[in-house]
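J.: In case you want the letters, here they are:
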Amino acid sequence: MPKTRVGVFVCHCGNNIGGVVRVPEVVEYARTLPNVACVEDNLYTCSEEGLSSIREQIAEHGLNRVVVASCTPRTHEPLFREACEQAGLNKYLFEFVNIREHCSWVHMHDPAMATQKAKELVRMGVAKARFLEPQEEFESSVFPAALVIGGGVAGMTAALGLANQGIQVHLVERDQELGGLIREVRTLFPAGQATEEVLQPLAEQVRNHRQITVHLGSEVEDVGGFIGDFDVAVKADGQVNNLKVGAVIVATGAEELKPTGLYRYSELGNVVTQLEFEERFKRGADVPRDVVIINCVGARIPERTYCGRFCCTTAIKNAIWIKEREPEASVFVLHRDVMAYGVQIEESYRRAMELGVRFLRYDPENPPQILGDGRAEAVRVQHQLMGKEIVLPAELVVLTTPLVARDDNPRLSKMLKVPLGGEGFFLEAHLKLRPIEFSTDGVYVCGSARYPANIPESVSQAYASAAKASIPIREGVVRAEAITALCDERTCSACGNCVEVCPFGAVELQEGRFGRTAQVNPAQCKGCGCCVAACPSGAMQQSGFNDRQLLSMIGALAEEMTGGVGE
Amino acid sequence: MASESSDEGGNGYEPKILVFACNWCSYAGADLAGVSRLQMPANCRIIRVMCSGRVRPEFVVTALSKGLDGVLVLGCHPGECHYSEGNYFTRRRGLLLKNLLQFVGIEPERFQVRWVSASEGAKFADTVEQVTEQIRALGPNRPQGGMHSTEPGDR
Ligand SMILES: Cc1cc2nc3c(=O)[nH]c(=O)nc-3n(C[C@H](O)[C@H](O)[C@H](O)COP(=O)(O)OP(=O)(O)OC[C@H]3O[C@@H](n4cnc5c(N)ncnc54)[C@H](O)[C@@H]3O)c2cc1C
Ligand code: FES
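Respectively, the protein sequence lines represent chains D and W.
Number 536 in our numbering belongs to position 536 of the first sequence; there are no gaps in the numbering.
To get our numbering, take the position in the second sequence, counting from 1, and add 1000.
Derived by calculation from the structure, the hints in this document are not laboratory data.
Glycine is no exception: its CB is placed at the ideal position from the N, C-alpha and C atoms.
Among these hints, one or two may not hold up.
What the hints assert, rightly or not - Which chain W residues stay away from chain D? Per the calculated CB distances, all over 12 Å, these:
hint: 1; residue: V1035
hint: 2; residue: L1100
hint: 3; residue: Q1144
Stated by the list, open to error - Quick list of in silico lysine to any residue cross-link-like pairs, SDA-like style, CA-CA up to 20 Å:
hint: 4; chain 1: W; residue 1: K1123; chain 2: D; residue 2: G424
hint: 5; chain 1: W; residue 1: K1123; chain 2: D; residue 2: K91
hint: 6; chain 1: W; residue 1: K1123; chain 2: D; residue 2: K244
hint: 7; chain 1: D; residue 1: K91; chain 2: D; residue 2: T4
hint: 8; chain 1: D; residue 1: K414; chain 2: D; residue 2: D441
hint: 9; chain 1: D; residue 1: K414; chain 2: W; residue 2: S1084
hint: 10; chain 1: W; residue 1: K1123; chain 2: D; residue 2: G421
hint: 11; chain 1: D; residue 1: K244; chain 2: W; residue 2: P1078
hint: 12; chain 1: W; residue 1: K1123; chain 2: D; residue 2: V214
hint: 13; chain 1: D; residue 1: K414; chain 2: W; residue 2: K1123
hint: 14; chain 1: D; residue 1: K244; chain 2: D; residue 2: L268
hint: 15; chain 1: D; residue 1: K414; chain 2: W; residue 2: E1109
hint: 16; chain 1: D; residue 1: K258; chain 2: D; residue 2: L268
hint: 17; chain 1: D; residue 1: K414; chain 2: W; residue 2: R1136
hint: 18; chain 1: D; residue 1: K414; chain 2: W; residue 2: P1140
hint: 19; chain 1: D; residue 1: K414; chain 2: W; residue 2: Y1013
hint: 20; chain 1: W; residue 1: K1123; chain 2: D; residue 2: L412
hint: 21; chain 1: D; residue 1: K414; chain 2: W; residue 2: A1122
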């Protein structure tokens, strides 16, 4: 057997790691570890430069184990494994050490402790790496259908994206109608198109598509399984329908914040949200003459720090809509800043000003006051440039509020085993590199479920998620990680503990070369390792997580206590 | 400059705690704590396993007998294990193991099992904080049997 030669690559991640952990110290320390043949630090190990350096060092130093100390295997393991493979090294000879999420980011004020911890984590990683073995992956088939949860613009677009490739889609919508939030919206920025012009053809295509089954008035009750083989229970009218799909797209959107307690909303009938404003005039109410729009209501405050992203645009759209119908109307937009990003939206902003919409900045410390008894009659606001209070007449006050995450996101997130961010929206695997995927394989996200997104953004994300979800479905197979259990028949005593604990019925006692022993069916084994923990003789092991590897990590961690090398 | 004192605990010692975290929930929860920049004590070292049910009692005993101050096993909430029932084994095994530790003279509090989901970054940080303080309060672990004798204050 060739001598074990470990290469260690320590990432600065720009300043993310290097700003806290003293990387050069970790590098020097790693050089002293057993079997380490080369150590290098990289500004970004995941950059092309970092990756090619891994490949070069494998060749130059004859490395047969690679350890990268950087971020999390949940996002970056595939990338580094691929680099190893490209250099001819079996990708299971790679070990990941997390010194960012689990170290520099959570010990930002204690560089000494963080550096010490990083060294120990590297020591543990190297210890495990020494016992890694090459593995072959097992292929399993992908059920050729997809589930899309949510029938708004995002969900419908994603469903069409898949169905037009010939993939069977189940679209589950809780309401009795397709369309989502924009059903309530009258016209769409930036072009001022009627919503129906966009929504109707889209919904029509979805309803008529041969490959799409629309489940209206339905909710997802339960999801089990893995990429390629999800079991989904959909409930409608108390009846449960079981579906099998290979991939899942979350497109459940978001809700407009109802700002109870702010600006006398819900106390005064003529203080409404943007969505309520749109609904009113969709139903044909008279165009009001004096309107005050207040932006950033319930957004960018300590309890809800984010920006609603398209709320300013909605305010601009509706201000223009009033002015175009009632040029004499007085329309004020009270704002904190105007986010009119992109070419067309900036154009609308300018057009609104040309039409005579007045934009006034207010101070969140001294917010506008709604005046009036029983109904809003005027709004008092501190004019920041004039340095004095002014009173604006108001027949209608419109509050621009952000979209907020749906209440039942936690339930769905648990079912699908995908995370939510601090604000309750679904959290993608990586903001930049994997923006519409979760780290759980086979589950994708698009539209406002992820973060407030306008229609063009929701549509692009929907295309992207459909494209991503179609990859495993069209390939027809996924390669399961080679982390399945394996029984050493020579030491198995056929006690059957493993058979009892396996949640998947993957282990059976069978007659073989060494008499009656446990045998694992790799197609059914999902790699949890429960049988390994239950095996009294140590015959059952899990690839990539065998006892020797894990005990060597424990030994390495306890080194200072025991005064010796792990194993 | 941030303070670099690493010896703040009242009794002047920093416990060393081994954590097993399942890939699907708790490891992801730890990642989320990181992404959210939640600050926490630097005493825990995580070993990633696919499921908390993979943690063999022997690992816990080995770690404690080698002198590590505590072992924390983290898994998905009951009923939410990625493999359906792995964490039920963890729970049952954990109870038995606590009895065993007491029997061999190791404070059972040195071994803990907690549930942290992928969306509970804050719970992960709180758990690390709590468990670190509990184990700090127990003082250094001095395994019996002279396997690895540790003189008081020799760390
Ligand atoms: C006042 C206002 C004005 C706007 N104006 C414009 C505009 O002019 N131009 C523009 O581009 N954008 C506009 N938007 C933004 C637009 O509404 C969003 O871009 C769009 O709604 C995002 O679509 P979506 O499919 O992601 O989510 P949604 O439209 O929210 O759709 C989600 C769907 O999922 C369903 N659902 C939710 N949970 C479940 C579940 N658990 N199971 C089954 N189904 C579920 C919901 O019932 C809903 O039908 C406006 C938004 C507001 C609030
Ligand atoms: S996968 Fe988390 S406890 Fe089983």
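J.: Give a verdict on every hint.
T.: Hints, one by one, checked against the model:
1. V1035: W/V1035 not clear of chain D: closest Cβ-Cβ about 6 Å, inside 12 Å.
2. L1100: holds (15 Å)
3. Q1144: Nearest chain D Cβ is 14 Å from W/Q1144, so the label holds.
4. W/K1123 to D/G424: At roughly 15 Å apart (the allowed maximum being 20 Å), D/G424 and W/K1123 satisfy the hint.
5. W/K1123 to D/K91: violated (34 Å)
6. W/K1123 to D/K244: The hint is violated at about 33 Å.
7. D/K91 to D/T4: Holds - the C-alpha atoms of D/T4 and D/K91 are around 15 Å apart, at most 20 Å.
8. D/K414 to D/D441: OK: D/K414 and D/D441 at ~15 Å, within 20 Å.
9. D/K414 to W/S1084: OK: D/K414 and W/S1084 at ~12 Å, within 20 Å.
10. W/K1123 to D/G421: Holds, because 13 Å separates the two Cα atoms, which is no more than 20 Å.
11. D/K244 to W/P1078: violated (25 Å)
12. W/K1123 to D/V214: This hinted pair is violated, its Cα atoms lying about 38 Å apart.
13. D/K414 to W/K1123: holds (15 Å)
14. D/K244 to D/L268: violated (50 Å)
15. D/K414 to W/E1109: violated (29 Å)
16. D/K258 to D/L268: holds (14 Å)
17. D/K414 to W/R1136: violated (33 Å)
18. D/K414 to W/P1140: violated (38 Å)
19. D/K414 to W/Y1013: violated (38 Å)
20. W/K1123 to D/L412: holds (19 Å)
21. D/K414 to W/A1122: Measuring from Cα to Cα gives roughly 16 Å; hence the hint holds.
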